[in-house]
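Engineer: In case you want the letters, here they are:
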Amino acid sequence: MTVYLDHAAGSPLRVEALEAMRPWLTTSFGNPSGGHAVARRARRAVDEARDAVAEVLGCDPGEVVFTGSGTEADNLAIFGVVAAAAGGGRPAGVACSAIEHPAVLESVEAVGGDVFAVDERGAIDLGDLAKVIGPATGLVSVMLANNEVGTIQDLSSVAAVMADVAPAAVLHTDAVQAAPWLDVATLARPAQLVSVSGHKFGGPQGVGALVIRRGVTVRPLLRGGGQERERRSGTHNVAGIVGMAAALTATSAEREVTAARVARLRQRLVANLGQRLDGVIESGAGGELLPGIANVRIPGVESESLLVLLDDAGVAASAGSSCASGAMAPSHVLAAMGVGRTDARTAIRLSLGRDTTEADVDVAVAAIVAAGQRLRQAEPVGV
Amino acid sequence: MRVLAALSGGVDSSVAAALLLDAGHEVVAVTMKLWGGAQDSGCCSVGDVEDARRVAQQLDIPHHVFNFADDFDRHVVSPYVDAHAAGRTPNPCIECNRHIKFDRLLVRARQLGFDALATGHHARRTVDADGAVRLRRGVDRAKDQSYVLFALSQADLRDVLFPIGDLTKAEVRLKAAGLGLRTAAKSESQDTCFITADAGRRAFLEDRIDLHAGRLVDPSGATLGTVAAVELITVGQRKGLGGGAGERRYAVAVDVAAATVTVGSTDDLRTDGVRLEGATWVSGQAPPPGTAVVVQMSAHGQPVAASWDGSTVQFVAPERRPAPGQAVVLYDGVDADEVLGGGTAA
Chain A
165 MTVYLDHAAG
175 SPLRVEALEA
185 MRPWLTTSFG
195 NPSGGHAVAR
205 RARRAVDEAR
215 DAVAEVLGCD
225 PGEVVFTGSG
235 TEADNLAIFG
245 VVAAAAGGGR
255 PAGVACSAIE
265 HPAVLESVEA
275 VGGDVFAVDE
285 RGAIDLGDLA
295 KVIGPATGLV
305 SVMLANNEVG
315 TIQDLSSVAA
325 VMADVAPAAV
335 LHTDAVQAAP
345 WLDVATLARP
355 AQLVSVSGHK
365 FGGPQGVGAL
375 VIRRGVTVRP
385 LLRGGGQERE
395 RRSGTHNVAG
405 IVGMAAALTA
415 TSAEREVTAA
425 RVARLRQRLV
435 ANLGQRLDGV
445 IESGAGGELL
455 PGIANVRIPG
465 VESESLLVLL
475 DDAGVAASAG
485 SSCASGAMAP
495 SHVLAAMGVG
505 RTDARTAIRL
515 SLGRDTTEAD
525 VDVAVAAIVA
535 AGQRLRQAEP
545 VGV
Chain B
441 MRVLAALSGG
451 VDSSVAAALL
461 LDAGHEVVAV
471 TMKLWGGAQD
481 SGCCSVGDVE
491 DARRVAQQLD
501 IPHHVFNFAD
511 DFDRHVVSPY
521 VDAHAAGRTP
531 NPCIECNRHI
541 KFDRLLVRAR
551 QLGFDALATG
561 HHARRTVDAD
571 GAVRLRRGVD
581 RAKDQSYVLF
591 ALSQADLRDV
601 LFPIGDLTKA
611 EVRLKAAGLG
621 LRTAAKSESQ
631 DTCFITADAG
641 RRAFLEDRID
651 LHAGRLVDPS
661 GATLGTVAAV
671 ELITVGQRKG
681 LGGGAGERRY
691 AVAVDVAAAT
701 VTVGSTDDLR
711 TDGVRLEGAT
721 WVSGQAPPPG
731 TAVVVQMSAH
741 GQPVAASWDG
751 STVQFVAPER
761 RPAPGQAVVL
771 YDGVDADEVL
781 GGGTAA
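Protein chains in written order, with my numbering: chain A, 165 to 547; chain B, 441 to 786.
Simulated from the structure, these hints should not be mistaken for lab results.
A portion of the hints provided could be inaccurate.
Taking CB as the label site, the calculated pair distances span [what the hints assert, rightly or not]:
id : chain 1 : residue 1 : chain 2 : residue 2 : range
1  : B       : S751      : A       : G478      : 51 to 61 Å
2  : A       : R505      : B       : S738      : 51 to 61 Å
3  : B       : A697      : A       : A300      : 44 to 54 Å
4  : A       : A300      : B       : S738      : 54 to 64 Å
5  : A       : G174      : B       : A595      : 34 to 44 Å
6  : B       : D647      : A       : P187      : 51 to 61 Å
7  : A       : R254      : B       : T636      : 39 to 49 Å
All residues carry an ideal CB built from backbone N, CA and C; glycine is no exception.
My request is simple: use the sequences and hints to build the entire structure.
Structural biologist: Here's what the structure looks like:
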């Protein structure tokens with residue numbers, strides 16, 4: 165039996181999503197852009213999904229653009245706003261925090277943007293933000309919650325700094341990791357652009373959405389049939405879109421109860437690890453953290469080795485982020501939080517989901533303790 | 441046994457893993473991500489990792505990727521760059537085997553509870569009745585890789601397997617084709633793995649150290665010409681050193697501090713012996729002075745007869761001098777099959 169503690173990488177499909185998708189994978193079909201009854205039925209499914217997503221994310225349906233992934237939503241926000249601003253003669257400078265997901269960080273770097281710092285708990289350094297952005301800044305990107313450590317940002321304080329020093333800038337937030345756990349409608353209210361990804365909250369893979377609030381202009385990344393009000397061409401992934409919407413609605417309905425329960429499991433996980441293994445460090449401790457993500461560092465235990473032993477023991481976890489080869493990449497998030505490279509090599513990310521049980525946590529703790537003790541007793545390896 | 445099989449994404453290591461499975465071992469595959477460390481912003485060889493992953497899928501064994509890029513940077517790339525900066529000729533494959541495959545990875549294999557680490561090297565190991573392990577050439581002499589393994593110790597060799605050492609390359613490819621492995625017809629890697637064929641060694645070094653123009657001088661010190669970068673010249677090299685019709689010029693000494701490359705004839709390259717630095721011995725014991733040996737001074741160099749005097753290899757007949765920094769590997773003097781040990785040419 166596998167204990168799955170990698171929900172931040174991808175969560176199992178919710179039954180509500182499957183049921184919503186089933187007709188669109190079997191009897192129903194059609195291109196929503198067509199003009200006949202078959203197409204109209206598909207169009208209606210997409211538009212009803214749009215209503216549902218807008219309801220949960222706190223925006224108007226017309227502000228929701230369906231994409232092929234969270235990454236695409238992030239790319240559309242950054243490249244789209246920059247290109248539109250530059251084309252319109254408006255400020256087009258870009259900045260993001262040092263702990264953004266690569267979908268944001270790489271996009272910001274690709275347009276020559278700037279990066280501002282976080283503190284040791286992973287919270288935005290508002291002083292550095294104020295120094296890095298200015299009147300020439302057109303877009304600031306700050307993730308609502310971090311994917312490796314789980315740190316939650318206060319976007320209203322970010323927006324306040326922006327209003328002071330970069331009045332022309334719009335705020336984008338990558339809410340991909342926040343969506344399963346937080347009230348995005350409220351917490352992302354200060355942002356003009358919001359990215360989410362279906363498979364993080366029980367929807368299918370290969371579908372995401374970007375909220376683009378009225379008044380913000382983006383230039384499309386993909387050109388073609390002009391779908392999504394000419395902001396994202398390409399035939400709609402009807403099954404994916406209705407599945408994502410159903411998962412988001414179901415997640416939202418039970419969010420408070422689930423988040424509270426999983427937060428207790430997370431607490432149990434971290435506390436038990438700390439009791440049974442010497443020196444365990446919880447990354448980002450003391451800050452606001454997601455219920456579902458625990459990033460812990462176990463001194464003297466390389467995460468690469470630990471993960472192999474956990475895999476053997478049937479516990480699926482990760483070390484945060486991977487590079488294209490599938491190797492663990494040194495974490496830029498922990499580095500930005502001031503964690504040294506050697507220390508960072510001992511970090512593992514345990515991410516819980518709505519289906520995680522107390523028994524899962526206890527099995528995982530036992531496996532991590534056993535593997536950690538074994539690796540500490542084995543030939544020392546310079547960490 | 442539980443064996444960790446290092447899969448490089450090439451045909452040799454693919455077949456090595458397959459043979460271990462045939463023999464009934466429990467096999468887990470690993471590919472090392474070595475490049476892309478602190479000094480490098482480029483990509484790792486994603487294609488090779490992909491091939492390794494697909495082979496593991498075909499063999500239905502777990503596959504992991506270990507990121508040893510920082511270690512590779514420290515133990516292989518930096519010394520490579522430093523050697524060039526000092527006008528020496530490094531051998532990064534040997535340092536990689538010494539510090540990465542048979543140290544970092546082997547230690548990790550033991551930590552993870554594996555009984556052995558297997559690689560796809562063309563080499564053999566045999567075990568004496570008393571438990572001593574001997575390192576020998578692969579049966580395919582044209583593909584033999586024992587030269588780059590000379591630094592292995594008894595402790596290393598006890599936990600290492602070379603499953604394809606008894607096969608010729610043709611047999612390896614046949615086995616791979618028989619299993620339908622996607623790497624069966626893959627061409628072999630040749631050059632230094634962290635230097636791209638496009639940019640080349642010069643561009644690689646230029647990004648990391650200052651290259652200095654220098655003078656070509658004859659053995660008396662008289663200037664014969666110029667050279668664009670003394671750090672790129674290897675003792676024994678002929679290309680790029682000019683020289684008129686008739687006599688061929690070879691680099692016989694590189695002095696980075698003086699920015700000179702001394703050139704001469706093949707006679708000036710000849711030497712009676714070469715002193716070894718940092719010599720190591722597979723058995724753990726240096727052979728007694730006076731031992732007749734056969735030495736090899738490059739990966740596929742011609743074996744030459746010599747004797748070991750305790751610090752220096754004395755050639756039976758004068759030989760062309762290896763470039764300082766090159767590995768000199770000693771084989772037994774009987775049939776030049778067993779690796780005794782080796783060191784770095786002074």
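Engineer: Decide, hint by hint, whether the structure agrees.
Structural biologist: Hints versus structure:
no.	hint	verdict
1	S751/B with G478/A: 51 to 61 Å	holds (55 Å)
2	R505/A with S738/B: 51 to 61 Å	violated (36 Å)
3	A697/B with A300/A: 44 to 54 Å	holds (50 Å)
4	A300/A with S738/B: 54 to 64 Å	holds (58 Å)
5	G174/A with A595/B: 34 to 44 Å	holds (42 Å)
6	D647/B with P187/A: 51 to 61 Å	holds (57 Å)
7	R254/A with T636/B: 39 to 49 Å	holds (41 Å)
Violation of the numbered hints given earlier is confined to hint 2; every other hint is satisfied by the structure.
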